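Peer 1: Chains as they are written, first to last, in this note's numbering: chain D, 1 to 343; chain S, 344 to 442.
Any given hint might turn out to be false.
Just the calculated beta-carbon pair ranges, DEER-fashion [as the list claims (entries may be wrong)]: (1) D:S318 to S:L441: 38 to 46 Å; (2) S:D442 to D:A329: 51 to 59 Å; (3) D:L69 to S:K415: 22 to 30 Å; (4) S:R440 to D:G78: 41 to 49 Å.
Calculated cross-link-like contacts (lysine-lysine; reagent style DSS-like; alpha-carbon spacing at most 25 Å) [as the list claims (entries may be wrong)]: (5) S:K438 to D:K231; (6) D:K67 to D:K102; (7) D:K231 to D:K112; (8) D:K109 to D:K245; (9) D:K245 to S:K438; (10) D:K71 to D:K98; (11) S:K438 to D:K76; (12) D:K85 to D:K113; (13) D:K336 to D:K292; (14) D:K336 to D:K285; (15) D:K66 to D:K85; (16) S:K354 to D:K162.
The following residues of chain S were derived to be distant from chain D, with all beta-carbon distances above 12 Å [what the hints assert, rightly or not]: (17) V408; (18) T419; (19) P431.
Just so you know, the hints here were simulated from the structure itself, not pulled from any lab data. Quick caveat, the model's predicted, so the values are computed rather than measured. Just so you know, even glycine gets a beta-carbon here, dropped at the ideal spot from N, CA and C.
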Amino acid sequence: MTCLCKFIPDEVLARLANDASIKDFDRDALQRTLAVDQEMRRVREATASLIASSAMISMSLVPANKKPLIKVYDCKHGGILPGAKVQSPQSSSDATVKRTFKNTTDVAKFLKKEFGRNSLDGQGMDLLSSVHYGQNYNNAFWNGQQMTYGDGDNNIFIDFTKGNDVIAHELTHGLTQFTSQLAYANEPGGLNESMSDVFGSMFRQWQANQTVTAADWLIGSTIMGPAATAKGFTCLRDMANPGAKHALAPQPSHYSKYQAGMDPHVSSGIPNNAFYRAATAIGGKSWQKAGKVWFQALTGFGPAPQLTMKQFADRTRSVATQVFPAQPAVASAIDKAWVAVGL
Amino acid sequence: MARTPDKQRIKVEKLGGFAGFGASAHLRSDGEVELEALPEADRAKVAKLLARDDQDHPGSLSQFVYRLSWTKDGKTRTVDVAEDDLPPSVVAAVKDRLD
Chain D
1 MTCLCKFIPD EVLARLANDA SIKDFDRDAL QRTLAVDQEM RRVREATASL IASSAMISMS
61 LVPANKKPLI KVYDCKHGGI LPGAKVQSPQ SSSDATVKRT FKNTTDVAKF LKKEFGRNSL
121 DGQGMDLLSS VHYGQNYNNA FWNGQQMTYG DGDNNIFIDF TKGNDVIAHE LTHGLTQFTS
181 QLAYANEPGG LNESMSDVFG SMFRQWQANQ TVTAADWLIG STIMGPAATA KGFTCLRDMA
241 NPGAKHALAP QPSHYSKYQA GMDPHVSSGI PNNAFYRAAT AIGGKSWQKA GKVWFQALTG
301 FGPAPQLTMK QFADRTRSVA TQVFPAQPAV ASAIDKAWVA VGL
Chain S
344 MARTPDKQRI KVEKLGGFAG FGASAHLRSD GEVELEALPE ADRAKVAKLL ARDDQDHPGS
404 LSQFVYRLSW TKDGKTRTVD VAEDDLPPSV VAAVKDRLD
């Protein structure tokens, strides 16, 4: 994943720090900031370089059958990652730790069993999760190296680890990072978010062994807090009906509503709805056919950071005919699903 | 490059995250800080962020983005900043709410 952060050049900052017309600045503080930021930038660049090269190096260093270790850390409501390592998280008395270990382990099993993928990088990389992050922190995120979960404010949201779809969503950001490397803005940003929702929902269905008709296709339904529930919100997003009133974050479901610069969490409603339509038209269990096509379209073509929604749709059309040549109904259902959302 | 404001009130809005704060969501998180009231090191850090002249999205994967807006000489400017780049005193200025 390319980091798009940009900073003003150091020489400009240094000039600013020495600008006598800026009266109210503590120039020493600016100088210190400059030094710290230069160091942080070096660390970030080094980290990005390491991530990019590690996959190639690991090909020769890591045994082909390496199994991912599942590690859980406790931030104890602080903001420093990764926090303190939890020993034996599988038997922890802390339900958040135990749940995170169990669901992360299951996501790794899901990827391996259903898609033949050995962890996020295909090389059995260990999966690190930090829980109890921050104070009343209403979020979960993948930072390029690990997952992080807040406990929620117990008003709008509750503990984010209570969503097995949330955990799979964040891990899928890692899968995307190691495969198609979709950018996080405009159409590839919407696709990136959608891949996480699609695999998040599929994982939830897989754990419950649900068919597409039994599934509710909701995202975040188990992390809604009392204030949100009291207002009638039952989920964050609804893949079956992205504009639904019961969704805390309603989305468009047709490409005609897409606008450049749209937040990825909004535009993802379009490909989310296409997956729902395809999976339900095919029937059975979502991960067995539609999921396999989506997985191959996401992971089987190398890096494509600027992939458009139309390009991804065409990939799935093509993959469906290759993976299920004797079942033309699969490709037909997928084609119709994309057409229905304007792609 | 924009001149950094001296005694300025800065509107802070939290966007994105797993839940998608802002945009079309019924989720808002915002607040204000006074630049002069921030601790010295935080003030310098924020001043540097406000002086940024690029408007690229600070790409993140479910991490929050903070939009800082301020008015100077009748003109309102905004800059989007990654969560990791903001000092805690600014992050703490926003309050999550349903709308």
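Peer 1: Compare the structure with each hint and give your call.
Peer 2: Here is how each hint holds up against the structure:
Our hint of 38 to 46 Å for S318 of chain D and L441 of chain S holds, since their Cβ atoms are close to 43 Å apart. D442 of chain S and A329 of chain D have their C-beta atoms about 44 Å apart, which leaves the hinted 51 to 59 Å range violated. As the Cβ distance of L69 of chain D to K415 of chain S is approximately 52 Å, the hint placing it in 22 to 30 Å is violated. Between R440 of chain S and G78 of chain D the beta carbon distance is about 24 Å. The supplied range of 41 to 49 Å is therefore violated.
A hinted pair counts as satisfied when its Cα atoms are at most 25 Å apart, and K438 of chain S with K231 of chain D qualifies at roughly 18 Å. Simply put, K67 of chain D and K102 of chain D have alpha-carbon atoms about 15 Å apart, close enough for the 25 Å limit, and the pair holds. The suggested pairing of K231 of chain D with K112 of chain D is violated, with an alpha-carbon distance near 40 Å, which exceeds 25 Å. Between K109 of chain D and K245 of chain D the CA atoms are separated by roughly 35 Å; this puts the pair beyond 25 Å, and the hint is violated.
Proposed proximity of K245 of chain D and K438 of chain S is supported: the alpha carbons are some 24 Å apart, at most 25 Å. Taken as a hint, the K71 of chain D and K98 of chain D pair is honoured in the structure, with Cα atoms around 11 Å apart against an allowance of 25 Å. Under the criterion of a C-alpha separation no larger than 25 Å, the hint pairing K438 of chain S with K76 of chain D is consistent with the structure, at around 21 Å. The hinted pair formed by K85 of chain D and K113 of chain D fails the criterion: a straight-line CA distance of about 28 Å is larger than 25 Å.
Of the pairs offered as hints, the one joining K336 of chain D and K292 of chain D holds, with about 17 Å between alpha carbons and a cut-off of 25 Å not exceeded. A threshold of 25 Å between alpha carbons decides the hint, and for K336 of chain D with K285 of chain D the separation of about 19 Å falls inside it, so the pair holds. Restraint check for K66 of chain D and K85 of chain D: the C-alpha separation of about 22 Å stays at or below 25 Å, so the hint holds. Pair hint K354 of chain S plus K162 of chain D does not hold up; C-alpha atoms about 33 Å apart against a cutoff of 25 Å.
For V408 of chain S, the non-interface assignment is contradicted: its Cβ lies about 9 Å from the closest Cβ of chain D, within the 12 Å cut-off. The Cβ of T419 of chain S lies farther than 12 Å from every Cβ of chain D, with a closest approach of about 18 Å, so its non-interface assignment holds. Not every beta carbon of chain D lies more than 12 Å from that of P431 of chain S, the smallest distance being close to 7 Å; the non-interface claim is violated.
In this structure, the earlier hints numbered 2, 3, 4, 7, 8, 12, 16, 17, 19 are contradicted, and the remaining ones agree with it.
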